[in-house]
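Asks: Sequence:
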Amino acid sequence: MPLTKDQIKKIEDTIKDSIRKKFQTYNPETSSMPFHHRLLGRNRMALFSFIHSLNTTFGTSIFEPVAETLASLSFQVARKQYEVGDSISEQAQSEIQRIMNDLTVGKNPNKIDEIERIRKVCNTGAMNKLKTVKVDLFVQSPDGTAHLFDLKTAKPNISNFKDFKRTLLEWIAIFLAQKPNAKVNSYIAIPYNPYEPKPYERWTLKGMLDLDNELKVGEEFWDFLGNNGAYSELLNCFERAGIEIGPEIDEYFQKFK
Numbered sequence: 001m002p003l004t005k006d007q008i009k010k011i012e013d014t015i016k017d018s019i020r021k022k023f024q025t026y027n028p029e030t031s032s033m034p035f036h037h038r039l040l041g042r043n044r045m046a047l048f049s050f051i052h053s054l055n056t057t058f059g060t061s062i063f064e065p066v067a068e069t070l071a072s073l074s075f076q077v078a079r080k081q082y083e084v085g086d087s088i089s090e091q092a093q094s095e096i097q098r099i100m101n102d103l104t105v106g107k108n109p110n111k112i113d114e115i116e117r118i119r120k121v122c123n124t125g126a127m128n129k130l131k132t133v134k135v136d137l138f139v140q141s142p143d144g145t146a147h148l149f150d151l152k153t154a155k156p157n158i159s160n161f162k163d164f165k166r167t168l169l170e171w172i173a174i175f176l177a178q179k180p181n182a183k184v185n186s187y188i189a190i191p192y193n194p195y196e197p198k199p200y201e202r203w204t205l206k207g208m209l210d211l212d213n214e215l216k217v218g219e220e221f222w223d224f225l226g227n228n229g230a231y232s233e234l235l236n237c238f239e240r241a242g243i244e245i246g247p248e249i250d251e252y253f254q255k256f257k
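Residues 1 to 257 in the numbering used here are what the sequence shown lists, from first letter to last.
Note that these hints are calculated values from the structure, not bench results.
These figures come from a predicted structure and were not determined experimentally.
Virtual Cβ for every residue (Gly too), placed ideally from N, Cα, C.
Zero decoy hints are in this set.
Beta-carbon label-pair distances, calculated as ranges:
#1 Lys22 x Ser232: 20 to 28 angstroms
#2 Met33 x Asp143: 49 to 57 angstroms
#3 Pro156 x Glu239: 19 to 27 angstroms
#4 Asp113 x Asp86: 20 to 28 angstroms
#5 Gly125 x Asn236: 45 to 53 angstroms
#6 Glu239 x Ala126: 47 to 55 angstroms
#7 Asn213 x Gly125: 25 to 33 angstroms
#8 Asp86 x His37: 47 to 55 angstroms
#9 Asn27 x Lys120: 46 to 54 angstroms
#10 Pro199 x Phe238: 21 to 29 angstroms
#11 Tyr195 x Lys120: 33 to 41 angstroms
#12 Lys22 x Lys206: 31 to 39 angstroms
#13 Lys134 x Asn227: 22 to 30 angstroms
#14 Asn236 x Glu201: 22 to 30 angstroms
Derived pair list, reagent style DSS-like, types lysine-lysine, alpha-carbon separation capped at 30 angstroms:
#15 Lys179 x Lys152
#16 Lys183 x Lys162
#17 Lys129 x Lys183
#18 Lys134 x Lys155
#19 Lys134 x Lys21
#20 Lys107 x Lys183
With the hints as constraints, model all of the structure from the sequences given.
Replies: Pasting the structure below:
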């Protein structure tokens with residue numbers, strides 16, 4: 001279902017507000033670069049520095065607030081930086097380690113089965129206290145199902161996916177420790193496919209993640225949050241927001257001449 005005009009405006013306002021907040025907290029590189037400045041100009045170097053800074057924080061400064069806004073249009077609850085909890089059972093930790101061991105020796109991941117294995121022991125044994133755990137995005141469906149998202153860069157370090165998998169399982173255990181009967185899942189979300197028009201190289205993640213139930217990339221992620229067609233509409237929102245805020249960006253960097 002296409003977004004309404006009011007919904008589109010809300011998303012575009014979120015994008016523009018996120019960029020303006022970035023301006024307010026941005027500090028240009030202070031290191032002396034006399035050759036670069038003379039060749040390219042201070043304003044271009046300042047813009048380059050800003051883009052680099054924005055790229056490193058795009059997830060928290062742009063994608064998270066936009067995802068929260070988009071999801072709020074379709075889900076009962078949508079919150080970025082959501083606190084899941086601070087306790088996990090000793091037996092759940094042991095079960096997660098067994099799951100990780102199974103995957104390491106070649107067992108195929110099965111998230112539905114893994115969740116049920118954790119559910120059975122989510123309140124068994126001592127409860128270990130943790131530093132409060134936050135997820136990048138939490139959404140709850142009308143039927144009560146909770147979805148926990150870990151937003152990653154477009155090309156996450158494959159060597160870290162073992163750690164990513166453990167984190168997703170621990171989130172489940174922490175959530176179920178408070179709500180043992182809850183319907184819940186956790187995902188890695190990658191906001192866009194850097195290989196387009198080719199498909200995302202999902203095979204690189206096979207073996208650790210359940211690709212059907214634990215990974216959402218680009219269009220699949222945004223359409224999940226905002227229904228079919230949301231990804232295409234979101235790209236248009238970014239384009240229109242960029243055109244509108246363009247003069248503000250140009251004016252901001254003129255002062256670095």
